[in-house]
Amino acid sequence: MEHIDHIFQFDGVLHWCISLSLIGFLVGIAWVTVRVLIPLRRLAKQASHVLEGDFSAFDKPVRGINEVEQLQRSLRFMIGQIKTAQEREFAYRNALTESQENERLRVAREIHDDTIQSLVVVAHSIERAAVQSSLDTN
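The numbering of the sequence shown is numbering that gives the first Met the number 0, which starts it at 0 and goes up by one.
Among the hints, a few may not be true.
Claimed, not checked - Within a straight-line C-alpha distance of at most 25 Å, the following computed DSS-like cross-link-like pairs (lysine-lysine) qualify:
(1) Lys59 / Lys44
(2) Lys82 / Lys44
(3) Lys82 / Lys59
The hints are simulated quantities; they were obtained by calculation from the structure and are not laboratory data.
Please read these numbers as outputs of a predicted model, since none were measured by experiment.
Let the sequences and hints guide you as you build the complete structure.
What follows is the structure, given as structure tokens:
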């Protein structure tokens, strides 16, 4: 019986320990939710906007733990690299199209000039043949 009384004496302390542990656990869960889970969901949503081509979604901060913020900075850097690559690709395509057009014009001029030169040579040859023919008949 004395042993049972001893257990009941700690019963009040045990309740306080369990209550404090439960409060600590709930505070920990709330902290993880606010500082980790919610920012990660925001970051995932921003990443899904990037898949749709909306790069401006990463302009908004996610405000999480340092690792989440570092992840967002890294993704922003990658988006900058993607934008730069897209701009370079656009410039390359424009330069390629322009050079193809210039080459097409050059070839067209060359063909035109060669054709005209050939016609001039043929006309000149006909003229010389006509002159020669008239000299031979005289």
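Hint check results:
{"no.": "1", "hint": "Lys59 / Lys44", "in the structure": "11 Å, holds"}
{"no.": "2", "hint": "Lys82 / Lys44", "in the structure": "19 Å, holds"}
{"no.": "3", "hint": "Lys82 / Lys59", "in the structure": "18 Å, holds"}
Hint compliance for this structure: every hint is met.
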